[in-house]
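Participant: One-letter residues, chain by chain:
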Amino acid sequence: MKNVDYDLVIIGGGPAGLTAGLYAARARLNVVLIERVAPGGQVLITDHIENYPGFPEGLSGPDLTEKLVAQAKQFGLPIESEEVESLDLSGPVKIIKTPDREIRTHAIIIATGASPNTLHVGEERFQGKGLSYCATCDGPFYRNKNVVAVGGGDTAVQESIFLTKFAKKVYLVHRRDQLRATKILQERALANDKIEFLWDSAVTGLDGFFGLESVKVKNLKTQEERVIAADGCFIWIGIVPNAGFVGDSLEKDPWGFIVTDAKMTTSVPGVFAAGDVRDTPLRQIATAVGDAAIAAYSAEHYIENLKS
Amino acid sequence: MANNILDIDDGTFESEVIKSNIPVVVDFWAPWCGPCKAIGPIIEELAGQYQGKVKFAKCNVDDNPLTPSKFAVRAIPTLLFVKDGSVVESITGMTAKSKLEDVIMKLL
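So the protein lines, in turn, are chains A and B.
Per numbering that gives the first Met the number 0: the first sequence ends with 307, consecutive numbering throughout.
Per numbering that gives the first Met the number 0: the second sequence ends with 107, consecutive numbering throughout.
Using 16 Å as the maximum straight-line C-alpha spacing, the simulated EDC-like pairs for lysine to aspartate or glutamate come out as follows:
#1 B:LYS98 to A:ASP99
#2 B:LYS98 to A:GLU84
#3 B:LYS36 to A:GLU65
#4 B:LYS36 to A:ASP46
#5 B:LYS96 to A:ASP99
#6 B:LYS105 to B:GLU88
#7 B:LYS98 to A:GLU82
#8 B:LYS98 to A:GLU81
#9 B:LYS36 to A:ASP62
#10 B:LYS96 to A:GLU81
#11 B:LYS96 to A:GLU79
If you are wondering where the hints come from, they were derived from the structure by calculation, not from laboratory data.
Let's have the full structure, built from the sequences with the hints guiding it.
Facilitator: Spelled out as structure tokens, the structure:
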């Protein structure tokens, strides 16, 4: 047997990583979960989850995270905080490089999720000064103020509805002439008189002195540009995978998501991927935890075969 | 909450932060903010590590509207790094412990 630190290293502490950890710990694998900052991932900014089975009253992202962490720890999963810089998958023993050490392992489950896409109109200047990706965190700063929200999917529509609890008005800017979000969310948004829809439009600029003061919106059909006075701009225009550290050591789809088979195996045997970072048709908590259970099961079998 | 993190409010901000004789890290948070909760343990660890050298303080933005608006805080979690009464740096969002330590080193 080759000398390794662990049988399995799980990278990422969102619902997928924590579920894989729960399964691996119950399988009594020598496993560790490493997470960049703190467990949770994208669900931390979700105020209300109403489509996760088994919770008819709904639950918040932080509550779900707390429960997942408690459940995984109950079976002895160690969780460590460090950032993975790169992987060396060239040999039978996989090497994970972090700023402080090199971790040698038989198998890896990548569950690093995704991050919000950005507008690319110089918004860095307004980070924390009017620009936001988290309505739950920052919505209450905009009591009785005007805000702009960008996007037309589930997140954009659900969070825009949430923002109307605080904001005087929410301008929802969407590139198309209809929403992509689930019907029930569309119905709620269209019936909400605090939301004004700006169809066929895109944000082309942000302006302000100390913080954000106005948002430039262009109608893509008429090319007409208008300036909306707004203190906040919330962006929900899709996600990008957190897979930079993987480099080109694994096969990815054209958008950078990691390609797997039905067993969650990537292009390298012994390396698995689960959740939002994976090339998958649907990115939900329910699908992430399903992926993770399969990935942990596949990893367990891979490790067993190595040892027999 | 750890004992070595001071709860400050609009009334005590001036005396505890601006007039502090050691550098201060102020954590703007609120009970409804998930990422704030998630970085809580990191802040507590740092407060333990730098005890006596750096003061760690928490400011609940729900109960204290004046201080965040004075410093143009419009998103949380926001960490304000203050030395000799002026803001050296501010960081918004979930940030790794090592990156926070890099900024703290600048204060010392």
